[in-house]
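Trainee: This is what each chain is made of:
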Amino acid sequence: MNRFVKLVNFELSRFMKIYLVLVAMTVVVQVTGVIVKANKYMSKANTAIYEEMLSRTEFIERYGQMGFMDVTRSLWFMGPIAICTAALIFYVFMIWYRDWFGKNTFIYRLLMLPTARLNVYLSKLLSIFLMVLGLVSVQLIILPLENSVLKWLVPTDFRSDMTVSQIINGNPLSMLVPQTFTEFVLYYGAGFMALTIVFTAILFERSFKWKGIIAGIGYVAISVVIFILPVLSMFIVGRAYLYPLEILGLETAMGIIVTVMSIWVGNYLLNKKITV
Amino acid sequence: MNVHFNKRDPVYVQVIRHFKEQIATGVFEPGQEIPSRRELAGRLKINPNTAQRAYKEMEEAGLIYTERNLPSRITKDEKVLRAVREELIDEAVDAFVHSIRSINVSADDVLDRVKEKFETDKDTRGYGND
Amino acid sequence: MIEVKDVKKKFGRKHVLKGVSFTANKGEITCVIGINGVGKTTILNTIMNLTPLNSGQILIDGEKINKHSYEKITFIPDAITMLPSMTIREAMQFMDDFYDSWNQERATELLGFFKLKETEKINNLSKGNRAKINLLLGLALDVDYLLMDEPFSGIDMFSREQIADVFTSHLVEDRGVIITTHEISDIEHLIDKSVLLDNGVVLKEFNTEDMRETEGKSIVDVMREVYQQ
Amino acid sequence: MKRYWKLMAIITVVVLTVGTFYIQSSLSANGYPEILFKKISGDKNELDPVVLDGLYRSECGTNVDERVKVTAEGTTYEREQSFLERISGSFFGNNLQELKEKHRGFMRGKSGRASSFYETDSTLAYAAVNNQSARAPKSDMEFDVAVMDKEKDETTSFTVPVPNRAMYVQAWVEDVQIIDGELKVITQNYLRDGGEEKHMYRVDISNKEISGEETIAMAGNQGENAYSRVHLLASPDRIGAHSYVIFSTTKEARKQEPDNAQMKAKKRNQKFIVYNLKTGEQNFAKAPDSLTDKDVFMYKQTTLYFRDNQHVIKYNTETDEIIDKLELPAQDEGDKQKDRQTTVEIVDGKMYMLQSQVESSLVPGNAPVLTIMDADSGDVLYKGEIVSEKPIDNNASLDIYGLLIK
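Chain order of the listed sequences is A, B, C and D. 1 is the number of the first residue of the first sequence in our numbering; add one for each residue after it. 277 is the number of the first residue of the second sequence in our numbering; add one for each residue after it. 407 is the number of the first residue of the third sequence in our numbering; add one for each residue after it. 636 is the number of the first residue of the fourth sequence in our numbering; add one for each residue after it.
Isolated chain A, as found in the complex (with noise of 0.2 Å):
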């Protein structure tokens, strides 16, 4: 093994235990929410048909069928997906801080590594971004499960199936896992760049302290506007100069120039710069 893929296992381990415990949180949270929702609607229909004798195609055409878009706009769904998010846009900061503090400062030792630091770089950037990917699959092996829980707690008459690709289609899931797998690509690129963007201009902050900030926030806005260089063109000329194919060619390679520009950035700033 090579001290890069090391690197990246032992970044992972860092986090492994609080990433379980997401992971089980929302399997947790997002099944509970799927057997509430059930049992609610299921309850309803009990007391529509039993009390206020109801017919069963009465109900349904008041009350509409259960399907898993119910439980999709809940907070039981959606709620384990933001705190992921939220816990993962964390730790992209934090997979740096973490580093500098308290007495036991790691920094000494990734940085004493007799490896390149861009490795510490890269393995940090591949850790969180296998770890966004992981959620998602997590999120796409369970929502089969989650549905055919449904299926098991209300019956055939009550409720409208859904395939999975339906679910997702239907909800801001999408977002994570677009239609084709071009999107994915493209979408993943992006959050890609996005996170060697933040990763240096955390280092241009531990670099330069104060005045980093600084460098770092123009980083990110420099980064920004050459990125949409291609769109914000069309807004300053007042029309379409570009085929949408030929947008979608540029800003591509914007993305790949701003990436790289981000690594070699992040790179100089590991082995001329930072500061422990």
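Treat the hints as calculated values from the structure; they're not laboratory data. Hints are supplied without guarantee of correctness; some may be wrong.
[Claimed, not checked] In silico BS3-like links for lysine-lysine, alpha-carbon gap of 27 Å or less: (1) C:LYS411 / C:LYS470; (2) C:LYS478 / A:LYS272; (3) A:LYS209 / C:LYS470; (4) A:LYS272 / C:LYS470; (5) A:LYS273 / C:LYS420; (6) A:LYS17 / D:LYS637; (7) A:LYS209 / C:LYS424; (8) B:LYS321 / C:LYS432; (9) B:LYS321 / C:LYS623; (10) A:LYS272 / C:LYS521; (11) A:LYS6 / C:LYS527; (12) A:LYS273 / C:LYS411; (13) A:LYS273 / C:LYS414; (14) A:LYS17 / C:LYS414; (15) B:LYS283 / C:LYS623; (16) C:LYS473 / A:LYS209; (17) C:LYS414 / A:LYS209; (18) C:LYS420 / A:LYS209; (19) C:LYS424 / A:LYS272; (20) B:LYS332 / C:LYS623; (21) D:LYS637 / C:LYS523; (22) C:LYS478 / A:LYS273; (23) C:LYS527 / D:LYS637; (24) D:LYS1041 / D:LYS735; (25) A:LYS273 / C:LYS473; (26) C:LYS414 / A:LYS211; (27) B:LYS321 / C:LYS521; (28) A:LYS6 / C:LYS473; (29) B:LYS283 / C:LYS610; (30) A:LYS273 / C:LYS424; (31) A:LYS273 / C:LYS470; (32) A:LYS272 / C:LYS414; (33) C:LYS416 / A:LYS273; (34) C:LYS523 / A:LYS17; (35) C:LYS416 / A:LYS209; (36) C:LYS420 / A:LYS272; (37) B:LYS321 / C:LYS533; (38) C:LYS623 / B:LYS296; (39) A:LYS6 / C:LYS478.
Quick caveat: nothing in here was measured; it's all calculated off a predicted structure.
Place chains B, C and D on chain A using the hints.
Mentor: Then chains B, C and D, alone, in the frame of chain A:
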């Protein structure tokens, strides 16, 4: 082997002096194997470089000798051994004379007192040497 | 040989190092002496490229520090640089994973010497034992140069003795050691070379045995002389 | 290796899950119903130029409205396209899309309105009005003109200020033609003081200047209670060369009535202005009263095409007479008829008619009907139903409403 070093004399000089004392008092016998410089450094809690220097000086002075890869040994050369003894005695006498002179006392008086002391002290010294 | 040449370093407007130069040879123990806050730690950090220098140059065996240097030179900071949640075994495993120069045999020997168990968590160790593990993680590397920052500060007497013993042992033999301290009494007999630092400059650099031999002065004598001018 | 389980586990899970998901969603047909033309009579080959446009709505969630395109070759749903197809906007290949594909350089940065273009075998021309901002205190409106000689592959492009632009708030190009080397631009101008104009500008291409202008018609408030409108009638060959443009003008009485009543009263006093682009002559025509309740859905040269649910009527504005009357195929009787909507297109002498119901289920007997007829003789060339291969989900609906002839 517990030595207290002073801080102003070079450590290696103090080490050599320590060795001479041990030879003169017979703790180190002629031809006896001596610790390696690393061992010595460890025992005396000194820098191995210093131990090295002390051994080098002693070797040059003929106090110890080394045969090929074997550990160093105390010299068997009677002349040298005697000289070490003489040196220490001279040094001690010098120091004694130097300090007694300031009290302004006659040599005979001193010598009598020294002899007397020697006699009474013999038993305890001998006991301690065993 | 580690050559520190006219190194300048400032933090904000504060000039911590105002042109520091000295050399440390392989096989010698060089001690950087100065009161707290004169930039001793900063010097070690700059040697390890853990903080950028504003000007000057540092060469290790004639070359600038690079990623391969970390197999040749190591730094033992004043606090342990391992995750507190690790056990000693995990910490050693980490070192073994990343350093070719890691010498597990020696690490085991040191562990025995310090009488520590490898199943213990770093977090649960006493201050002295933590310092020992810190030392162990550096000493068990087969490196040519060892940098130690205040290895004796804030540690109980028996641990200090144990640590001092390390310097007279084969563990540092033939290596170049730079050690910083503000208090030399524990190691006065151990050091080959003293570098007296104050206010960001080197006041005096001398060989301690030569100083005793030619001028009959102890390190403390020289310090008294130099600092009280 | 055992120590790397975290890394290996996470990579394996990610690759397998994401991989499976996308492979599965690309393999499965997503459960979309395939739509078929079920022939009742005629020649299937007549279907070749037909593209039907519909909307698929699934109740499963929000946002699941999607467009669907049906041709004889198959059904395509918006979501079935690849991402690149989707963003390049080529789902409904219209004239402009074709132009963009053929003349990428020329079409670059041009507005997306078909009425701004003119294309013949030898020439491609474009005119639009730039710098329109209703909020700007001062008008900088200018014509953006480009003409390409297809044979020489040469493009002349320039901008020229709109004459008297201070008078206008906005101006939209409605038709562009080149007649005898001169560019003629028909615009709808909105005056600062509230009225509207149909304007014709002549642009001298070689000198890059406006060589003349003329107001064809005015509209707007006509005193206290009257309001008049002018609008350019639709033409199937808006982009191609034609020598006439026809406007309809209506005068409405403006009464403070509820909105729905006002709509019904609108068709009063409909007149047509037939403008000859070559000569600049204007001809006024007033269709006979028998046609007032019928819609004009297109014109060709000087002939207007009216239609209602039963007939298509051709009316010649020059001779002021009805020249032909074509009976549309009979439809099912009964009250269903009310919900029927009929779309008619006439292209190359053939009439395409789509009759559909608002809530059709796409099962035989209750499905939209497509009829293709000879526009002159009325002979039916094809007739068929549009049905779904398998029944549509209970909580989904599919409306076929649009008709596009390539």
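Trainee: Could you run down the list of hints and mark each one as holding or not?
Mentor: Quick rundown of the hints versus the structure:
no.	hint	verdict
1	C:LYS411 / C:LYS470	12 Å, holds
2	C:LYS478 / A:LYS272	20 Å, holds
3	A:LYS209 / C:LYS470	26 Å, holds
4	A:LYS272 / C:LYS470	12 Å, holds
5	A:LYS273 / C:LYS420	17 Å, holds
6	A:LYS17 / D:LYS637	18 Å, holds
7	A:LYS209 / C:LYS424	22 Å, holds
8	B:LYS321 / C:LYS432	20 Å, holds
9	B:LYS321 / C:LYS623	20 Å, holds
10	A:LYS272 / C:LYS521	40 Å, violated
11	A:LYS6 / C:LYS527	22 Å, holds
12	A:LYS273 / C:LYS411	19 Å, holds
13	A:LYS273 / C:LYS414	15 Å, holds
14	A:LYS17 / C:LYS414	44 Å, violated
15	B:LYS283 / C:LYS623	8 Å, holds
16	C:LYS473 / A:LYS209	25 Å, holds
17	C:LYS414 / A:LYS209	19 Å, holds
18	C:LYS420 / A:LYS209	14 Å, holds
19	C:LYS424 / A:LYS272	20 Å, holds
20	B:LYS332 / C:LYS623	23 Å, holds
21	D:LYS637 / C:LYS523	24 Å, holds
22	C:LYS478 / A:LYS273	22 Å, holds
23	C:LYS527 / D:LYS637	22 Å, holds
24	D:LYS1041 / D:LYS735	16 Å, holds
25	A:LYS273 / C:LYS473	16 Å, holds
26	C:LYS414 / A:LYS211	20 Å, holds
27	B:LYS321 / C:LYS521	20 Å, holds
28	A:LYS6 / C:LYS473	16 Å, holds
29	B:LYS283 / C:LYS610	18 Å, holds
30	A:LYS273 / C:LYS424	19 Å, holds
31	A:LYS273 / C:LYS470	16 Å, holds
32	A:LYS272 / C:LYS414	15 Å, holds
33	C:LYS416 / A:LYS273	13 Å, holds
34	C:LYS523 / A:LYS17	25 Å, holds
35	C:LYS416 / A:LYS209	13 Å, holds
36	C:LYS420 / A:LYS272	20 Å, holds
37	B:LYS321 / C:LYS533	24 Å, holds
38	C:LYS623 / B:LYS296	24 Å, holds
39	A:LYS6 / C:LYS478	21 Å, holds
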